[in-house]
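Trainee: The chain contents come next:
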Amino acid sequence: MKNLQNFLLDQDYYIDIFNNCLHVYYYETLTTLTDKLIELKLKEFILTIEGKDLTVSAMDNHEILIKGEITTLRFNR
Amino acid sequence: MNHYKQVRIKTPKKSAILLKLNKLNVSIKNITYTKDYLVFDILASDIKRVQKYLVSVKLEIISDTGIYKVAKNLRGHLLILIGVIFSIVIFLVLTNIIVEVNVIHSNSKIRNLLIDALAERGVTPLTFKKSYAEYEAIIADLKNTYKDEIEWLEIDVDGMVINVRVEERIQKEFETEYNNCHIVASKSGIIKSILTEKGIAEVKTNDYVAKDEILISGEIKLIDVIKNNVCAKGKVYAYV
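Protein chains in written order, with my numbering: chain X, 1 to 77; chain U, 1 to 240.
Heads up, a few of these hints could be off.
Derived pair list, reagent style EDC-like, types lysine to aspartate or glutamate, alpha-carbon separation capped at 16 Å [as the list claims (entries may be wrong)]:
hint: 1; chain 1: U; residue 1: Lys29; chain 2: X; residue 2: Glu63
hint: 2; chain 1: U; residue 1: Lys13; chain 2: X; residue 2: Asp53
hint: 3; chain 1: U; residue 1: Lys20; chain 2: X; residue 2: Glu39
hint: 4; chain 1: U; residue 1: Lys23; chain 2: X; residue 2: Asp60
hint: 5; chain 1: U; residue 1: Lys109; chain 2: U; residue 2: Asp148
hint: 6; chain 1: U; residue 1: Lys23; chain 2: X; residue 2: Glu39
hint: 7; chain 1: U; residue 1: Lys29; chain 2: X; residue 2: Asp60
hint: 8; chain 1: X; residue 1: Lys36; chain 2: X; residue 2: Glu69
hint: 9; chain 1: U; residue 1: Lys109; chain 2: U; residue 2: Glu151
hint: 10; chain 1: U; residue 1: Lys29; chain 2: U; residue 2: Asp64
hint: 11; chain 1: U; residue 1: Lys14; chain 2: X; residue 2: Asp53
hint: 12; chain 1: U; residue 1: Lys14; chain 2: X; residue 2: Asp35
hint: 13; chain 1: X; residue 1: Lys36; chain 2: X; residue 2: Glu50
hint: 14; chain 1: U; residue 1: Lys13; chain 2: X; residue 2: Asp35
hint: 15; chain 1: U; residue 1: Lys5; chain 2: X; residue 2: Asp60
hint: 16; chain 1: U; residue 1: Lys23; chain 2: X; residue 2: Glu69
hint: 17; chain 1: U; residue 1: Lys130; chain 2: U; residue 2: Asp148
hint: 18; chain 1: U; residue 1: Lys221; chain 2: U; residue 2: Glu202
hint: 19; chain 1: X; residue 1: Lys41; chain 2: X; residue 2: Glu69
hint: 20; chain 1: U; residue 1: Lys20; chain 2: X; residue 2: Glu28
hint: 21; chain 1: U; residue 1: Lys23; chain 2: X; residue 2: Glu63
Partial list, computed: chain X residues near chain U (C-beta under 7 Å) [said to hold, decoys possible]:
hint: 22; residue: Asn6
hint: 23; residue: Leu33
hint: 24; residue: Val56
hint: 25; residue: Ser57
hint: 26; residue: Met59
hint: 27; residue: Asp60
Quick caveat, the hints were computed from the structure, so don't treat them as lab data.
Beta carbons are placed, not taken as given, at the ideal position from N, Cα and C, and that holds for glycine.
Sequences are here, hints too, so could you generate the full structure?
Mentor: Right, dumping it as structure tokens:
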């Protein structure tokens, strides 16, 4: 498990989805933020998250936790 | 450890504020959305930077978080805290101190002997109690040191009082029992009195006896025949 964690932390980014939560590691900027749409710019693409009652629960300069009913995840390269 | 403070910002545009905070690269967590406020925890070191850039909104500090919140609350109740700590210390001291050492025995010599011996081993009033193992070691040491005086010893801790129960060793002097012995004169002299308890008196009052002469014989004879042998016992007084 520790090795897997180290492997993920060595990558350019990684995304976890669990229980109406989305955790994005190594994002660059938060470009859009509404309760229905959130857009995050990552190194290679823009991640579009659509859903209901979307909120940012925690964030710092390279990590963000989004909560809400996620219906769509889109990768725009 | 990062020092986070819980703050709130009164704004209807919560998303816009979060986007601005994201651009400032500040670390925030536990974000909650209320009707009028955006409430979150922010690093204390970032607060000034946020206040500087978000001039259109007012950032209110609600409280510290985590250990800092606990520390602040404790500082607010410093006197109560000192009182509680002092009470605990007093309680611990009082429950672990000896106020009296009782040696339970009728013989004052034994009592004084044990009180002195216990004092030498650190069991005196106004000292701290010892552990069970230490008391066991003291008991073993006392039994070994005073093996002629002490038969049995027990140390009973009753609250702040130490009760020492002791049984004195009573030494009986046993006379050597011989199967066959005579009482002989250690010196020459004239017998003044003779009292025979065991054996046959060989001399009478006013008899002259020489040194090493048998006074009371252990041989029980019947018509010059030895029928039994006993250890002669009696008291003989003589002028020498």
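Trainee: All the hints need checking, so say for each whether the structure fits it.
Mentor: Now for the hints, and whether the structure bears them out:
no.	hint	verdict
1	U/Lys29 to X/Glu63	11 Å, holds
2	U/Lys13 to X/Asp53	15 Å, holds
3	U/Lys20 to X/Glu39	14 Å, holds
4	U/Lys23 to X/Asp60	10 Å, holds
5	U/Lys109 to U/Asp148	13 Å, holds
6	U/Lys23 to X/Glu39	14 Å, holds
7	U/Lys29 to X/Asp60	8 Å, holds
8	X/Lys36 to X/Glu69	9 Å, holds
9	U/Lys109 to U/Glu151	15 Å, holds
10	U/Lys29 to U/Asp64	13 Å, holds
11	U/Lys14 to X/Asp53	13 Å, holds
12	U/Lys14 to X/Asp35	10 Å, holds
13	X/Lys36 to X/Glu50	6 Å, holds
14	U/Lys13 to X/Asp35	12 Å, holds
15	U/Lys5 to X/Asp60	15 Å, holds
16	U/Lys23 to X/Glu69	25 Å, violated
17	U/Lys130 to U/Asp148	26 Å, violated
18	U/Lys221 to U/Glu202	12 Å, holds
19	X/Lys41 to X/Glu69	21 Å, violated
20	U/Lys20 to X/Glu28	14 Å, holds
21	U/Lys23 to X/Glu63	13 Å, holds
22	Asn6	23 Å, violated
23	Leu33	4 Å, holds
24	Val56	5 Å, holds
25	Ser57	5 Å, holds
26	Met59	6 Å, holds
27	Asp60	4 Å, holds
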